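Order-wise, the sequence lines are chains A and B.
In this note's numbering, each number is its position in the first sequence, counted from 1, plus 20.
In this note's numbering, each number is its position in the second sequence, counted from 1, plus 49.
Don't read these hints as lab results, they were simulated from the structure.
Values in this document were obtained by computation on a predicted structure and should not be read as measured data.
Certain hints may be false.
[Stated by the list, open to error] Computed from the model, here is a short list of chain B residues facing chain A with C-beta under 7 Å:
| id | residue |
| --- | --- |
| 1 | 78 |
| 2 | 79 |
| 3 | 216 |
| 4 | 260 |
| 5 | 294 |
| 6 | 356 |
| 7 | 359 |
| 8 | 362 |
| 9 | 370 |
| 10 | 372 |
| 11 | 398 |
| 12 | 408 |
[Stated by the list, open to error] Taking lysine-lysine and the DSSO-like style, the derived pairs with C-alpha atoms no more than 30 Å apart in a straight line are:
| id | chain 1 | residue 1 | chain 2 | residue 2 |
| --- | --- | --- | --- | --- |
| 13 | A | 139 | A | 98 |
| 14 | B | 340 | B | 415 |
| 15 | B | 415 | B | 168 |
| 16 | B | 168 | A | 121 |
| 17 | A | 301 | A | 280 |
| 18 | A | 280 | B | 127 |
| 19 | A | 121 | A | 98 |
| 20 | A | 281 | B | 150 |
| 21 | B | 415 | A | 281 |
| 22 | B | 150 | A | 98 |
| 23 | B | 415 | A | 280 |
| 24 | B | 102 | A | 301 |
| 25 | B | 150 | A | 280 |
| 26 | B | 306 | B | 294 |
| 27 | B | 132 | B | 150 |
| 28 | A | 246 | A | 301 |
| 29 | A | 281 | B | 306 |
| 30 | A | 103 | A | 121 |
| 31 | A | 103 | B | 306 |
| 32 | B | 168 | B | 150 |
| 33 | A | 388 | A | 139 |
| 34 | A | 246 | A | 281 |
| 35 | A | 121 | B | 127 |
| 36 | A | 281 | A | 265 |
| 37 | A | 246 | B | 294 |
| 38 | A | 246 | B | 132 |
| 39 | A | 301 | B | 168 |
| 40 | A | 121 | B | 150 |
Backbone N, C-alpha and C define an ideal beta-carbon position, used for all residues, glycine too.
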Amino acid sequence: MTQAFEGIRVIDFSQVLAGPFAAGQLALLGADVIKIEQPGVGDQMRAMMSTEELAAIKLAPAYLGVNTNKRAITVDLKSAAAKEILHRLLAGADVVIQNFKGGVIDRLGYGYEDVCAIKPDIIYCSISGYGQQGPMAGKAAYDGAIQAASGMMSVTGTPDSGPLRVGYMPVDISTGITASYAIASALFRRSRTGEGQHLDVSMLDSAMTMLNPVISNYLIGGMEPKRLGNISPTYQGSGDTWATKDGYLQMTVITDTMAKKMCAAFDRPELMDDPRFATDKGRVDHREAVRAEIGAILNTETTAVWMQRLGAAGVPVGPVHDMGELMDFPQLEHRGILMTLPAPQGMQGEITVPGAGFHASGGEPSGKTAGPVLGQHTDEVLGELGYDAAAIQAFRDDGII
Amino acid sequence: MTQAFEGIRIIDFSQVLAGPFASGQLAMLGADVIKVEQPGVGDQMRTTMANNKLADLKLSPGFMGVNANKRAITVDLKHPKAKEIIHRLLADADVVLENFKAGVIERLGFGYEAVRAVKPDIIYCSVSGYGQQGPMAGKAAYDGAIQAVSGMMGITGTPESGPMRAGYMPADISTGITAAFAISSALFRRTHTGEGQYLDVSMLDSAMTIMSPNLNKFLATGQEPELVGNTSPTFQGTANTWPTKDGYMQVSVITDKMTATLVGLLDHPEWADDARFATSQGRVEHNDAVKALIGEVLLSNSTAHWIEHLGERGIPVAPVNSLTQLMEFPQLAHRGILATVPAPPGVEGEITMTGAGFHASNGEPKVTSAGPRLSQHTDEVLGELGYDAAAIQALRDDDVI
Chain A
21 MTQAFEGIRV
31 IDFSQVLAGP
41 FAAGQLALLG
51 ADVIKIEQPG
61 VGDQMRAMMS
71 TEELAAIKLA
81 PAYLGVNTNK
91 RAITVDLKSA
101 AAKEILHRLL
111 AGADVVIQNF
121 KGGVIDRLGY
131 GYEDVCAIKP
141 DIIYCSISGY
151 GQQGPMAGKA
161 AYDGAIQAAS
171 GMMSVTGTPD
181 SGPLRVGYMP
191 VDISTGITAS
201 YAIASALFRR
211 SRTGEGQHLD
221 VSMLDSAMTM
231 LNPVISNYLI
241 GGMEPKRLGN
251 ISPTYQGSGD
261 TWATKDGYLQ
271 MTVITDTMAK
281 KMCAAFDRPE
291 LMDDPRFATD
301 KGRVDHREAV
311 RAEIGAILNT
321 ETTAVWMQRL
331 GAAGVPVGPV
341 HDMGELMDFP
351 QLEHRGILMT
361 LPAPQGMQGE
371 ITVPGAGFHA
381 SGGEPSGKTA
391 GPVLGQHTDE
401 VLGELGYDAA
411 AIQAFRDDGI
421 I
Chain B
50 MTQAFEGIRI
60 IDFSQVLAGP
70 FASGQLAMLG
80 ADVIKVEQPG
90 VGDQMRTTMA
100 NNKLADLKLS
110 PGFMGVNANK
120 RAITVDLKHP
130 KAKEIIHRLL
140 ADADVVLENF
150 KAGVIERLGF
160 GYEAVRAVKP
170 DIIYCSVSGY
180 GQQGPMAGKA
190 AYDGAIQAVS
200 GMMGITGTPE
210 SGPMRAGYMP
220 ADISTGITAA
230 FAISSALFRR
240 THTGEGQYLD
250 VSMLDSAMTI
260 MSPNLNKFLA
270 TGQEPELVGN
280 TSPTFQGTAN
290 TWPTKDGYMQ
300 VSVITDKMTA
310 TLVGLLDHPE
320 WADDARFATS
330 QGRVEHNDAV
340 KALIGEVLLS
350 NSTAHWIEHL
360 GERGIPVAPV
370 NSLTQLMEFP
380 QLAHRGILAT
390 VPAPPGVEGE
400 ITMTGAGFHA
410 SNGEPKVTSA
420 GPRLSQHTDE
430 VLGELGYDAA
440 AIQALRDDDV
450 I
């Protein structure tokens with residue numbers, strides 16, 4: 021079955037997480053993503069969050085996870101000879117992705133206007149921490165900075181813990197999905213208008229879209245959020261995380277109907293005669309009491325027992341998993357979110373990485389190859405651009421590729 | 050300028066956050082989203098997390114934030130007369146979106162196969178907690194359960210706090226963006242294949258894509274991540290959140306070069322030669338010592354001072370903003386991430402909410418109208434479908450709409 025982006029060529033200058041994730045999502049749907057890296061150096065993610073062994077071969081797990089299905093070439097963008105290689109590449113490109121700091125790619129000669137001169141209908145996606153304009157344009161930002169600046173940290177944690185970041189990278193990855201959505205919408209638009217677009221994706225904007233309900237409550241409802249720890253953002257005492265006999269359980273009971281189902285599953289139907297349990301307002305106003313009462317009940321049995329009883333009653337519950345427990349979660353084998361692929365050159369065996377967040381009846385997103393080693397496809401891609409072996413060798417001798 | 054999805058019609062049966070966020074993203078790019086709700090009841094988000102006045106109007110802030118630019122109609126899907134209305138709607142539809150529990154929409158007669166019989170190239174997107182197959186298919190899941198099950202909570206918090214959820218809804222919103230990407234890719238695919246698609250989007254899958262870097266590290270090493278609070282996922286002591294004289298700030302220094310710049314700016318150039326600071330390995334192994342030394346210096350001055358002093362030399366720093374501070378963050382004025390539109394009927398003045406996470410050089414995403422009142426556009430849309438005033442009144446008298 022044809023995948024959505026078969027025949028679409030993406031030239032990807034980006035590194036670290038947000039940009040490579042965006043290009044990776046398109047690659048899972050068939051796009052030919054050509055990743056361009058600095059000779060000898062490469063994407064800084066190749067050596068981060070890694071074991072020493074994998075860092076040494078520039079194949080960090082986190083790098084591998086967002087660079088599947090891509091081809092990697094090295095070109096020194098500062099060299100004069102790079103210009104002709106890039107012109108040939110861009111002439112056949114549909115999409116450019118870049119996340120240099122503001123102004124850098126323009127100085128290198130591959131800004132939006134430059135690329136438009138070569139390929140007028142190019143879809144050019146710039147990803148940055150704070151966007152292309154304004155006082156913060158061009159400022160460095162990793163995920164943590166945006167978790168802080170966006171207010172994400174201010175609403176996470178407890179009064180005791182102070183502001184807390186989450187242990188994953190919600191900003192980087194949500195920015196990556198936002199960029200892949202922006203690019204897909206631009207490709208669709210091009211098919212109807214014939215026009216390209218410059219897309220300006222910022223991590224701060226993406227983080228704020230992730231905070232959408234919280235920001236709406238603040239701006240429209242005038243509610244400054246408190247750090248409620250594990251209490252549901254609805255502020256109901258029946259939405260929280262509790263210790264069970266052998267672990268933790270998360271439960272979100274936020275409607276009266278669900279409260280009734282929960283009390284029945286507890287074998288305590290009489291709790292529904294208590295307005296603190298029976299109404300939305302009661303569950304908010306008497307948050308602590310409701311939470312404590314539920315906690316005393318949940319503490320009497322194991323997580324598995326409660327998952328069974330409450331789950332069967334239709335109450336939204338989830339065990340708090342660590343990574344190992346997640347891998348053992350029976351649901352995973354029915355999804356295909358984890359893809360097992362042959363390991364890249366220099367590594368033994370196979371690697372397993374998460375794929376796309378959805379399935380499609382035709383043209384399913386699929387992993388084919390692991391994240392490439394630095395420069396793995398340089399000769400192949402340059403060959404396709406019409407360079408013969410001697411010309412490629414000359415580039416290599418000159419340190420250009 | 051033409052927006053990407055002008056002329057594209059989306060029939061949206063979904064409620065709460067993930068589904069409405071997805072169709073809301075497409076609505077900001079011009080799609081005609083027709084939100085179908087139960088007469089008198091409506092989307093449960095309309096009354097969740099709201100003050101009494103807005104709950105009475107069924108216009109909670111969280112609802113308005115993700116339902117801009119849509120038209121809202123009410124149809125009782127269980128009523129035998131609903132079928133004709135929905136069939137007329139589907140005849141001109143490009144996309145159907147639903148997030149009923151598994152099996153419900155099939156029983157109502159509007160499942161994928163039934164819709165395909167009416168509109169063969171339909172793009173049909175089902176959003177659910179755990180996906181359409183497997184032992185958890187059809188299980189209720191709000192954002193909190195997925196934060197727990199996906200391992201998100203298991204890597205957030207400190208040893209003292211235990212597993213902690215984020216104070217916003219990362220699972221819901223990332224699922225919404227994933228669905229928007231899946232739908233836009235399917236629309237693009239339809240332009241060259243003529244085929245529709247069934248899209249199965251799950252919150253668990255989307256949450257796992259957000260966790261990609263952490264999951265990949267776990268899959269490669271088998272090591273369970275610890276609860277490290279505000280330490281960067283790179284585990285370097287130079288990346289953390291520290292109290293200053295008047296607040297908190299976040300710093301993410303993770304390369305040798307940046308560390309050398311940082312210690313210079315902190316007036317401790319001698320640390321550049323200290324093995325604990327000089328290498329990535331040193332910064333990881335001596336995380337606590339490095340963190341404490343930096344913390345002592347940062348405590349001596351204000352957040353604004355450090356942001357200026359460190360930020361202008363390219364160090365990734367950010368203030369830990371509350372939502373109030375975020376609204377005063379000067380960068381926002383240059384982005385347009387916040388959109389202000391006239392409030393819906395029944396609410397005075399204007400409302401402000403977050404828009405799309407990106408800008409486009411033409412065909413810019415735009416918020417044009419606030420989240421609609423329940424049934425606000427029923428007469429208008431039924432009129433477009435060819436029902437005259439008498440027919441609409443008859444449907445109303447029969448409690449169909």
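Each hint tested on the structure:
no., hint, in the structure
1, 78, "6 Å, holds"
2, 79, "9 Å, violated"
3, 216, "3 Å, holds"
4, 260, "5 Å, holds"
5, 294, "15 Å, violated"
6, 356, "10 Å, violated"
7, 359, "10 Å, violated"
8, 362, "10 Å, violated"
9, 370, "5 Å, holds"
10, 372, "5 Å, holds"
11, 398, "10 Å, violated"
12, 408, "4 Å, holds"
13, A/139 to A/98, "21 Å, holds"
14, B/340 to B/415, "43 Å, violated"
15, B/415 to B/168, "29 Å, holds"
16, B/168 to A/121, "46 Å, violated"
17, A/301 to A/280, "15 Å, holds"
18, A/280 to B/127, "24 Å, holds"
19, A/121 to A/98, "15 Å, holds"
20, A/281 to B/150, "16 Å, holds"
21, B/415 to A/281, "41 Å, violated"
22, B/150 to A/98, "55 Å, violated"
23, B/415 to A/280, "41 Å, violated"
24, B/102 to A/301, "13 Å, holds"
25, B/150 to A/280, "19 Å, holds"
26, B/306 to B/294, "27 Å, holds"
27, B/132 to B/150, "20 Å, holds"
28, A/246 to A/301, "18 Å, holds"
29, A/281 to B/306, "58 Å, violated"
30, A/103 to A/121, "20 Å, holds"
31, A/103 to B/306, "28 Å, holds"
32, B/168 to B/150, "23 Å, holds"
33, A/388 to A/139, "29 Å, holds"
34, A/246 to A/281, "29 Å, holds"
35, A/121 to B/127, "55 Å, violated"
36, A/281 to A/265, "22 Å, holds"
37, A/246 to B/294, "22 Å, holds"
38, A/246 to B/132, "46 Å, violated"
39, A/301 to B/168, "44 Å, violated"
40, A/121 to B/150, "45 Å, violated"
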